[in-house]
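Number of protein chains: 2
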Amino acid sequence: MTAAAAQTDKKPMSKSKAEILDAAAEVFTKLGADTASIDDVARHLGSTKGRIYHHFPSKGVLLAEVCLRAADFVHEEVGPAVDPAETPEANLRKMITLHIPEILRTLPYHKVIIQSYVGMNQKSTTSLERELFKQIRTERRAYEDIFRGILQAGMQDGSFRDQNLSIALQSILLLINAPVFWYRPREDEPASFIPDLANQLSDMAVAALR
Amino acid sequence: MTAAAAQTDKKPMSKSKAEILDAAAEVFTKLGADTASIDDVARHLGSTKGRIYHHFPSKGVLLAEVCLRAADFVHEEVGPAVDPAETPEANLRKMITLHIPEILRTLPYHKVIIQSYVGMNQKSTTSLERELFKQIRTERRAYEDIFRGILQAGMQDGSFRDQNLSIALQSILLLINAPVFWYRPREDEPASFIPDLANQLSDMAVAALR
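Chains A and B, in that order, are what the protein sequence lines are.
Quick note on UniProt numbering: the first sequence kicks off at 1 and runs consecutively.
Quick note on UniProt numbering: the second sequence kicks off at 1 and runs consecutively.
Calculated directly from the structure, the hints in this document are not laboratory data.
Treat the hints loosely; a few may be bogus.
The list treats identical chains as one, so a pair stands whether inside a single copy or across any two.
[Stated by the list, open to error] Listed below are the simulated DSS-like cross-link pairs for lysine-lysine, each with C-alpha atoms no more than 30 angstroms apart in a straight line:
id: 1; residue 1: 59; residue 2: 94
id: 2; residue 1: 49; residue 2: 94
id: 3; residue 1: 59; residue 2: 30
id: 4; residue 1: 30; residue 2: 134
Put together the whole structure using the sequences plus the hints.
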């Protein structure tokens with residue numbers, strides 16, 4: 001996390017701001033981002049609306065910052081793991097093995113991201129909101145590009161089958177984000193569940209590309 | 001369509017009702033199901049709210065019927081194609097080859113379904129809405145079970161790798177629904193685009209399972 005934070009050259013987030021984003025991610029996931037209000041987030045936090053407005057001038061900004069943080073979480077975890085000296089397959093496996101536990105650790109953030117896929121967050125009105133959503137698209141694109149680079153490298157060296165790159169990329173990204181749709185944390189979950197899941201999805205992704 | 005309709009033993013839908021559902025799917029996709037109103041759907045149709053209320057007593061029911069029809073579209077298209085005399089791989093290829101064009105033909109319906117994955121449609125209040133959402137879950141489950149059966153058969157006869165069935169199933173379902181997230185119809189799309197896409201996703205799915 002320290003290395004990743006240094007690498008992306010961002011100032012660390014205050015604990016108070018992070019707490020608000022955590023609460024917002026949960027509330028947006030539960031009620032839907034369109035329905036949920038700053039009031040709902042304050043209630044979930046047991047805090048005042050003022051505390052939220054101190055950091056986030058509007059619900060649109062709060063939502064955008066949740067989406068941005070969702071993209072940052074996986075990017076900061078997975079990005080530094082890519083090793084140009086490794087094979088595309090080894091890199092892809094390592095990336096997926098880091099991606100899966102990270103999306104499950106920060107699950108509500110990624111559920112909010114799914115809502116945004118269907119175009120519901122494109123109603124930003126203020127210039128700050130528009131700027132943030134531009135940042136989110138840039139950040140997502142940067143994360144996707146790491147995978148695109150690995151897929152491309154694999155197709156070039158023949159370890160992956162030659163196929164439509166964009167379709168392959170989008171399919172692999174959906175495959176490794178599939179748990180966001182179905183995963184429910186369980187008290188009696190064996191400690192091996194998440195590593196096993198990451199292995200299975202790595203195997204499926206590599207096989208789908210070979 | 002006739003065979004499928006007969007098989008599922010449903011009375012055909014009136015043209016007026018189908019038109020309203022088409023409009024609702026588009027409006028819910030564009031504005032978000034939580035934000036969109038019956039007024040928005042009426043405006044899109046160039047019709048009165050009365051016409052909509054004649055068929056659907058509430059927005060919740062309209063939303064539920066959109067989701068139910070989304071599940072029916074693919075089920076009626078893909079279900080009858082399964083041939084017990086065929087190998088699991090041949091069946092899976094045939095199913096995906098039918099599934100892909102069907103989700104793209106009825107794209108807004110499936111975008112609404114994505115919204116419902118994140119738990120936003122669970123706020124049904126009337127007993128009719130609750131009953132409809134129960135039907136949707138049953139219908140989706142029935143569709144998933146066709147794929148589950150094929151995956152199970154393949155693992156049993158050794159043509160598919162032995163792995164966690166639920167995870168494999170959910171992953172394959174996400175993989176073949178991935179185009180709902182990224183596909184945009186284009187004027188200059190070659191006629192081969194959708195068949196090629198279906199082939200590529202069939203190849204990826206079969207490879208991921210073998």
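How the hints compare with the structure:
1. 59 x 94: The answer is neither: 36 angstroms in one copy and 46 angstroms across copies each exceed 30 angstroms.
2. 49 x 94: neither (42 angstroms within a copy, 54 angstroms between copies)
3. 59 x 30: Result: close both inside a copy and across copies, 15 angstroms intra and 20 angstroms inter.
4. 30 x 134: Classified as both; 25 angstroms inside a copy, 19 angstroms across copies.
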